[in-house]
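Below are the chains, spelled out letter by letter.
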Amino acid sequence: MDALDLETVYRQHSRQVLATLIRLLGEFDLAEEALQDAFAAAAQQWPDQGAPDNPLAWLIRCGQNRGIDQIRRRQTVRFHADELARAADVSDTPDLAESSLQDDQLRLIFTCCHPALATESQLALTLREVCGLTTEQVARALLQKPTTLAQKIVRAKRKIREAGIPYEVPDDKLLAERLGAVLHVIYLMFNEGYARTEGEGLIDASLTAEAIRLAELLATLLPDGDVSGLIALMRLQDARKEARVDEDGELVTLEDQDRTLWNREEIHVGKAWLMRALGQAPAGAYTLQAAIAAAHADAPSFEETDWHDIAGLYDLLYQRSPTPVVALNRAVAVAMLEGPDAGVALLEGQSSHKAIQNYHLFHAALADLHRRSGRREQARVAYERALSLASQAQEKRFLEKQLARLAQSDGRKR
Amino acid sequence: MKYVALVYYREQTINDMTEQQWHDLNQECIRCVENLADKGKFLAGQALQPVDSATTLRVRDGEVLMSDGPFAETKEQLAGFYLLEARDLNEALQLASHIPPARLGSVEVRPVRDLPPKD
Numbered sequence: 001m002d003a004l005d006l007e008t009v010y011r012q013h014s015r016q017v018l019a020t021l022i023r024l025l026g027e028f029d030l031a032e033e034a035l036q037d038a039f040a041a042a043a044q045q046w047p048d049q050g051a052p053d054n055p056l057a058w059l060i061r062c063g064q065n066r067g068i069d070q071i072r073r074r075q076t077v078r079f080h081a082d083e084l085a086r087a088a089d090v091s092d093t094p095d096l097a098e099s100s101l102q103d104d105q106l107r108l109i110f111t112c113c114h115p116a117l118a119t120e121s122q123l124a125l126t127l128r129e130v131c132g133l134t135t136e137q138v139a140r141a142l143l144q145k146p147t148t149l150a151q152k153i154v155r156a157k158r159k160i161r162e163a164g165i166p167y168e169v170p171d172d173k174l175l176a177e178r179l180g181a182v183l184h185v186i187y188l189m190f191n192e193g194y195a196r197t198e199g200e201g202l203i204d205a206s207l208t209a210e211a212i213r214l215a216e217l218l219a220t221l222l223p224d225g226d227v228s229g230l231i232a233l234m235r236l237q238d239a240r241k242e243a244r245v246d247e248d249g250e251l252v253t254l255e256d257q258d259r260t261l262w263n264r265e266e267i268h269v270g271k272a273w274l275m276r277a278l279g280q281a282p283a284g285a286y287t288l289q290a291a292i293a294a295a296h297a298d299a300p301s302f303e304e305t306d307w308h309d310i311a312g313l314y315d316l317l318y319q320r321s322p323t324p325v326v327a328l329n330r331a332v333a334v335a336m337l338e339g340p341d342a343g344v345a346l347l348e349g350q351s352s353h354k355a356i357q358n359y360h361l362f363h364a365a366l367a368d369l370h371r372r373s374g375r376r377e378q379a380r381v382a383y384e385r386a387l388s389l390a391s392q393a394q395e396k397r398f399l400e401k402q403l404a405r406l407a408q409s410d411g412r413k414r
Numbered sequence: 001m002k003y004v005a006l007v008y009y010r011e012q013t014i015n016d017m018t019e020q021q022w023h024d025l026n027q028e029c030i031r032c033v034e035n036l037a038d039k040g041k042f043l044a045g046q047a048l049q050p051v052d053s054a055t056t057l058r059v060r061d062g063e064v065l066m067s068d069g070p071f072a073e074t075k076e077q078l079a080g081f082y083l084l085e086a087r088d089l090n091e092a093l094q095l096a097s098h099i100p101p102a103r104l105g106s107v108e109v110r111p112v113r114d115l116p117p118k119d
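Chains as they are written, first to last, in the UniProt record's numbering: chain D, 1 to 414; chain G, 1 to 119.
Worth flagging that the hints you see were computed from the coordinates, not collected in a lab.
Since no wrong hints were added, every one of them can be taken at face value.
Pairwise CB distance ranges (calculated):
hint, chain 1, residue 1, chain 2, residue 2, range
1, G, Leu57, D, Gln392, 48 to 58 Å
2, D, Arg158, G, Pro50, 31 to 41 Å
3, D, Asn191, G, Arg110, 29 to 39 Å
4, D, Gln70, G, Val59, 40 to 50 Å
5, G, Val64, D, Ser100, 52 to 62 Å
6, D, Arg320, G, Gln12, 29 to 39 Å
7, G, Asp61, D, Asn191, 48 to 58 Å
8, D, Arg320, G, Met17, 26 to 36 Å
9, D, Thr323, G, Met17, 30 to 40 Å
10, G, Leu6, D, Gln45, 45 to 55 Å
Even glycine gets a Cβ: it sits at the ideal position worked out from N, Cα and C.
Let the sequences and hints guide you as you build the complete structure.
Here's what the structure looks like:
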């Protein structure tokens, strides 16, 4: 076996080996060390003796033995006895059945996304432990200093150990709620990559790819409508990424996007996941958002979009999660269907919400509708309000451009 | 494992209650304790008098310094505690979610720390 093969084995199996070693050894750090030891042993032995028939089982057994040795070598008497007892419990016959190994991967995902951890810790820990990124890679992906991120991960692992966060798949009663937390982390990971506006340009392909890969793994381990819905949503959004920024790296709105740049193959994949999600009713929030994305994907142009369909889907979504952001999108769809004034009326109905008052996209949408209705002064005021609230450079430039365009058309009128 | 659930709420919320509401809340807390005790989860616990009954002390250079009131002014005040027996954090959180004042304020759940063996 050459080095390249071992690298392939590492890519394919290291996360699974780690997930199982955490169960067998009962501790994250010990399991990570044991994982590295097992691969070091493989690098030494496999070239001479040939690769074992079942590399996964070999690596798990080897890692487990190294981990137990490590516990024996530890000087602290305090922890020694019970850790050894725990590891020894399973030392003879580790359960390596396919279903147990899959459960281990789920255990790892649910533990990293435990709601007792701060969301940003969940995200960092998931990228590090489940996706197998190095601490430096995670830091780069999340635009944080490696030292800050390393501390965050150390603290999260300490909390898992000290607070007694169990290494288990939640039981049926809790599963739906906890799955929601996992999907939230995956979607956050995707958006962190998708909405990336600093560093290496607008879209960080590695984070979006990791999020999709993780969700697809989750779908094989735990078939569920919401999981399929989330994959569909991410695929359909990802399919538009080439059209989302222009040559200068500036944002392009859905209306102005060159639809020939949309990745038809990925849209096809996304729609297949959507069909699967719809077959596992009732449709959750991700599935409804995916259905909306699919309606956009099917439209030959912005004007020819099935706004009736989209407004109806937003109605359903609003019933499920009545957030200001959903209300905003719903109003935009209604405006396309019934005219800008209908949209303005809906938006103004929302304007008493404090959260929405400070949401730049609310004012940007309102400005756009006023502009379409020919109320330039109101449009200008709303654009300026949006501009004062926006924080991302690209969005600011976009709003400035809209204001300039408005002033130009004003000039022409006079 | 053992966990402590620290119960916090704004004392003002309680002061604003009618006598009946306050009575009902207390009865609910009694039932909550009974429930936990029946399941063998309740090790100890107590409700506390309001913070204006608190005295905070510090020992500096062998001298005991006292001040009137809680150690810090906070939005919500410590109102009581439970010492719970739970398998893991999931169970502890689930038990703590049934503490009635969790609806009014906050419940902080923390694992206890065993002191090292005596030298």
